[in-house]
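J.: Residues per chain are reported as follows:
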Amino acid sequence: MLRKAFAFAALGLALLAAPASAATTQEEPRSLAWSFDGPFGKFDKEQVQRGYKVYREVCSACHSMNLMYFRNLGQKGGPFYDPKYDNPNNNPYVKSLAKDIQVKDIDTDTGDQISRPATPADKFAAPFANEYAARASNGGALPPDLSVMAKAREGGPDYIYSLLSGFRNPPAGLTVPAGKYYNPYYPGDLTSAWHGKGPPPEGGLISMPPPLADGKVTFDDGKPSTVKEEAMDVAAFLAWAAEPKMEERKAFGFGAMIYLLIFSVLLWFSYKRIWRNVAH
Amino acid sequence: MSGHSTYEPKTGFERWLDMRLPIVRFTSDHLMAFPTPKNLNYWWTFGAILAVMLGMQIVTGIVLAMHYVPHVDYAFNSVQRIMRDVNYGWLIRDLHANGASMFFLAVYIHIFRNLYYGSYKAPREVLWILGCVIYLLMMATAFFGYVLPWGQMSFHGAVVITNLIGALPVVGHSITTWLWGGFAVDNPTLNRFFSLHYLLPFMIAGVVGLHIWALHVPGNNNPTGVNVSSPEDTVAFHPYYTVKDGFGISVFLILYAVFVFYMPDALGDAANYVPANPLVTPQHIVPEWYLLPFYAILRAVPNKLMGVILMFGAIATLFVLPWLDTSKVRSMRYRPTARLYYAIFFLTCIVLGFCGAHPPDDAVIPAISGPQLLDANLNSFVWLSRIAALYYFAYFWVITPILGLTETPLPVPASISAPVLSHPASAPTGAVASPEKRG
Chain A
1 MLRKAFAFAA LGLALLAAPA SAATTQEEPR SLAWSFDGPF GKFDKEQVQR
51 GYKVYREVCS ACHSMNLMYF RNLGQKGGPF YDPKYDNPNN NPYVKSLAKD
101 IQVKDIDTDT GDQISRPATP ADKFAAPFAN EYAARASNGG ALPPDLSVMA
151 KAREGGPDYI YSLLSGFRNP PAGLTVPAGK YYNPYYPGDL TSAWHGKGPP
201 PEGGLISMPP PLADGKVTFD DGKPSTVKEE AMDVAAFLAW AAEPKMEERK
251 AFGFGAMIYL LIFSVLLWFS YKRIWRNVAH
Chain B
1001 MSGHSTYEPK TGFERWLDMR LPIVRFTSDH LMAFPTPKNL NYWWTFGAIL
1051 AVMLGMQIVT GIVLAMHYVP HVDYAFNSVQ RIMRDVNYGW LIRDLHANGA
1101 SMFFLAVYIH IFRNLYYGSY KAPREVLWIL GCVIYLLMMA TAFFGYVLPW
1151 GQMSFHGAVV ITNLIGALPV VGHSITTWLW GGFAVDNPTL NRFFSLHYLL
1201 PFMIAGVVGL HIWALHVPGN NNPTGVNVSS PEDTVAFHPY YTVKDGFGIS
1251 VFLILYAVFV FYMPDALGDA ANYVPANPLV TPQHIVPEWY LLPFYAILRA
1301 VPNKLMGVIL MFGAIATLFV LPWLDTSKVR SMRYRPTARL YYAIFFLTCI
1351 VLGFCGAHPP DDAVIPAISG PQLLDANLNS FVWLSRIAAL YYFAYFWVIT
1401 PILGLTETPL PVPASISAPV LSHPASAPTG AVASPEKRG
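Protein chains in written order, with my numbering: chain A, 1 to 280; chain B, 1001 to 1439.
I should point out that these hints are in silico values taken from the structure, not numbers from a laboratory. Computed from a predicted model, the values in this text were never measured in an experiment. Some hints could be false.
Stated by the list, open to error - What the simulated footprint calls covered on chain B by chain A, stretch by stretch (three residues with Cβ under 8 Å from a Cβ of chain A suffice, anywhere in the stretch; the number is not a length): (1) 1088-1099; (2) 1229-1242; (3) 1245-1251; (4) 1259-1265.
To be verified - Okay, derived cross-link-like pairs now, EDC-like style, lysine to aspartate or glutamate, Cα gap no bigger than 20 Å in a straight line: (5) 228/A - 57/A; (6) 250/A - 1265/B; (7) 216/A - 229/A; (8) 104/A - 145/A; (9) 250/A - 1085/B; (10) 228/A - 214/A; (11) 123/A - 1029/B; (12) 104/A - 131/A; (13) 76/A - 1125/B; (14) 1010/B - 1029/B; (15) 123/A - 100/A; (16) 245/A - 100/A; (17) 245/A - 1085/B; (18) 42/A - 248/A; (19) 216/A - 46/A; (20) 45/A - 229/A; (21) 228/A - 100/A; (22) 123/A - 1125/B; (23) 1328/B - 1085/B; (24) 42/A - 1265/B; (25) 245/A - 1125/B; (26) 180/A - 202/A; (27) 42/A - 247/A; (28) 104/A - 122/A.
Said to hold, decoys possible - Chain B is faced by these chain A residues, among others (derived, beta-carbon under 8 Å): (29) 24; (30) 67; (31) 77; (32) 80; (33) 81; (34) 97; (35) 153; (36) 154; (37) 245; (38) 250; (39) 256; (40) 258.
Backbone N, C-alpha and C fix where the C-beta goes; we use that ideal spot for every residue, glycine too.
Extracted from the complex, chain A is given alone in its bound form:
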């Protein structure tokens, strides 16, 4: 393993020294106006709730979110926060959401492995036991963990939205192998798969089949579930999951900025007063 890692590291260095084919391309993600943009932006709770449903019913079949706990859904700033239950572990709605999911545990009386309904203190259960199981079920590809996905890709939620709603029929001249799907927003190098005229199209071949479809998820608030709506909502959910404390950060920042501005003005006048008799 170590030797292998070393070999790959050396390979990385070699690539660094001579990146001859830096032809990876992708289309710019479509830029959306998110409710959480800007210094005062907040998450749209209903949108994040819908996004959670999309994740739960579609994405979670293959993708883990190992950094997320059910309690996060009910904490301050979370989609199911209820001011009546300051401790999210007591939030009945979060409890009911958790209860639908089975998690693995150890029976402390027998030591046997058991499954039991989750509680708010449990992690989101991962769909596969390990990386090998995940790869075996997905044609060799590993569905990445989605906990910080919205921060782990350039463009964040814009990228996630564009990728999920941007699957297209491959242009004539592009050979798409079985188990791969053309997506213009996915970074890749299509030179070797391209037999058409002109330069190869932007984008790459992704192992994930188009996951969303019109009407695939029934939203509790009656929103029509188009692919675009589903993609947008799940992108908002992932943006929240990547930084559940974002609203706290911005609110704290507002106070800090006001404090610093007043402090600076006071110091400026102190400076002017102290130096008033010094020619400089």
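Using the hints, position chain B against chain A.
T.: Below, chain B without anything else, positioned relative to chain A:
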């Protein structure tokens, strides 16, 4: 300048303590009564800003270390746990991560101010060298710190940088293995980087103490570069400069807060939110912005060993700068020709940083195919960084020594107070070049 003490113990206890440990006298002499040129502009507030940033990094860092787990299996998740579950952990971590960038921003302004006003020249050579030592320690600390979250850039950055040592002939590979604590960047590497990341800031603090000591022997340089000649040229550090530095610090903190609260990830790389995976190399391995110019110099040279030597040479050059500069005039206010070369040098450093951020073979001007020159296209970041690196070294080793001997500087004022008094409403940087000529 630090001449005799002006401290008079006022109470019985102060007199008693002063006979035993003159700490109040020390504080009074060095932080309050210390005579400071009265014409220092805002570029001089960055010394105080840097002291604040060092304190900020140490305090936030100690708290982070209480929650961080230096193990390859837990490091990434422990950082996320700080962001998610630790009370105000997001604040502490964003302050620390962005604090590093702000620290470097301030140190670069501090260094460029120094170069402009000739503060490294006699009798402040030791002060300057200590500053260079601090800068080196900062780069090492920042590099170790960037490895700790154990994301993709952390890991592969560590691989690239430690492999540089391997370029040394004969002993290179043994030293690299010794640094790694194994045959690849792995858990022992992360552990020792964490240990060193905790150690080095205290070494920086120690050298900062020496830096301030070395400052308080000759005293501050000033925008005219003229020595202090009379008490009228100076004011007491407190309250005059405590309040001015305080204002500078406060404004700087506003900029810092904009990053921390409104764009905490703007200066980082998205790839570092992907857990480290030795088997997947990110497409472009780039260091943090503040190391990019040196990275560009490294990649400008086809031979790895030469690249490493030049990269370290770029920093080593700074250490001998006081002896390369032949000019009798300190401040570039009175050196118009030097000012021009300085401006080009400043742009060169920006260009080098720009080159370091791009893949070397990418075209600088898109859609134009330049001619092939030796091993690369002329319209590529490789050639741009070669030209810029050439100017970087030429500026210090050729232009600075020759210019000092050949240029004709403008008349230098007789004292600090002279230009000040003729311009009571004085004086942003560089504006007051020889007022007597304008009259």
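J.: Look at each hint and say if it fits the structure.
T.: Hint check results:
Here the segment 1088-1099 of chain B counts 3 residues with a CB under 8 Å from a CB of chain A, which clears the bar of 3, and the coverage holds. Requiring three or more residues with a Cβ within less than 8 Å of a Cβ of chain A, the coverage given for the segment 1229-1242 of chain B holds, as 3 such residues are present. Coverage of the segment 1245-1251 of chain B by chain A holds in this model, with 4 residues showing a Cβ closer than 8 Å to a Cβ of that chain against a need of three. Counting residues of the segment 1259-1265 of chain B whose C-beta sits closer than 8 Å to any C-beta of chain A gives 5, which meets the bar of three, so the coverage hint holds.
The hinted pair formed by residue 228/A and residue 57/A meets the criterion: a straight-line CA distance of about 16 Å does not exceed 20 Å. At most 20 Å may separate the alpha-carbon atoms for a hinted pair to count; residue 250/A and residue 1265/B meet this at roughly 14 Å. Straight-line distance between C-alpha atoms of residue 216/A and residue 229/A comes to about 11 Å, which keeps the hinted pair within the 20 Å bound. Annotation: proposed proximity of residue 104/A to residue 145/A holds, straight-line Cα distance about 19 Å (limit 20 Å).
Distance restraint check for residue 250/A and residue 1085/B: the Cα-Cα separation of roughly 17 Å lies within the 20 Å cut-off, and the hinted pair is therefore satisfied. Between residue 228/A and residue 214/A the CA atoms are separated by roughly 9 Å; this keeps the pair inside 20 Å, and the hint holds. For the hint linking residue 123/A to residue 1029/B, the alpha-carbon distance of about 59 Å lies beyond 20 Å, and the restraint is violated. In summary, the hint linking residue 104/A to residue 131/A is supported, as the alpha carbons are separated by about 17 Å, within the 20 Å threshold.
Between the alpha carbons of residue 76/A and residue 1125/B the distance comes to roughly 55 Å, so the proposed pair goes past 20 Å and is violated. Of the pairs offered as hints, the one joining residue 1010/B and residue 1029/B holds, with about 15 Å between alpha carbons and a cut-off of 20 Å not exceeded. Proximity of residue 123/A to residue 100/A is assessed by CA-CA distance (about 13 Å); at most 20 Å being required, the pair is judged to hold. Restraint check: the Cα-Cα separation between residue 245/A and residue 100/A comes to about 26 Å, which exceeds 20 Å; the hinted pair is violated.
Proposed proximity of residue 245/A and residue 1085/B is supported: the alpha carbons are some 9 Å apart, at most 20 Å. Between residue 42/A and residue 248/A, the direct Cα distance comes to roughly 10 Å. Compliance with the 20 Å bound is thereby established for this hinted pair. Proposed proximity of residue 216/A and residue 46/A is supported: the alpha carbons are some 18 Å apart, at most 20 Å. Between residue 45/A and residue 229/A the alpha-carbon distance is near 15 Å, which keeps this suggested pair within the 20 Å criterion.
With a C-alpha separation of about 27 Å, the suggested pairing of residue 228/A with residue 100/A is violated against the 20 Å cut-off. This hinted pair does not check out: residue 123/A and residue 1125/B have alpha carbons roughly 58 Å apart, beyond 20 Å. Between the alpha carbons of residue 1328/B and residue 1085/B the distance comes to roughly 59 Å, so the proposed pair goes past 20 Å and is violated. About 18 Å separates the Cα atoms of residue 42/A and residue 1265/B, which keeps this hinted pair within 20 Å; it holds.
The straight-line distance between the Cα atoms of residue 245/A and residue 1125/B is roughly 48 Å, outside the 20 Å bound, and the hint therefore fails. About 16 Å separates the Cα atoms of residue 180/A and residue 202/A, which keeps this hinted pair within 20 Å; it holds. Taking the CA atoms of residue 42/A and residue 247/A, the gap is near 6 Å; set against the 20 Å cutoff, the hint holds. For the hint linking residue 104/A to residue 122/A, the alpha-carbon distance of about 10 Å falls within 20 Å, and the restraint holds.
The beta carbon of residue 24/A is positioned within 8 Å of a beta carbon in chain B (closest approach about 6 Å), and the interface hint is therefore held. Because the smallest distance between the Cβ of residue 67/A and any Cβ of chain B comes to about 5 Å, under 8 Å, the interface hint for this residue holds. Hint on residue 77/A is violated. Least Cβ distance to chain B is approximately 11 Å, over the 8 Å limit. Here the hint on residue 80/A is broken, as its CB sits about 17 Å from the closest CB of chain B, past 8 Å.
The interface hint given for residue 81/A is violated, since its Cβ lies 15 Å from the closest Cβ of chain B, which is over the 8 Å cut-off. For residue 97/A, the suggested interface contact is broken, since its CB lies about 18 Å from the closest CB of chain B, more than 8 Å. About 6 Å separates the beta-carbon of residue 153/A from the nearest beta-carbon of chain B, less than 8 Å, and the hint is met. Given the 8 Å rule on beta carbons, the hint for residue 154/A holds: about 5 Å separates it from the nearest Cβ of chain B.
For residue 245/A, the interface hint holds, since its Cβ comes within 8 Å of a Cβ in chain B; the closest pair sits about 5 Å apart. The interface hint given for residue 250/A is met, as the beta carbon of that residue sits about 6 Å from the closest beta carbon of chain B, less than 8 Å. Checking residue 256/A against chain B: minimum C-beta separation of about 5 Å stays under 8 Å; hint holds. For residue 258/A, the shortest C-beta to C-beta distance to chain B is roughly 10 Å, which exceeds 8 Å, and the interface hint is violated.
Of the hints listed earlier, those the structure fails to meet are numbers 11, 13, 16, 21, 22, 23, 25, 31, 32, 33, 34 and 40, in rising order.
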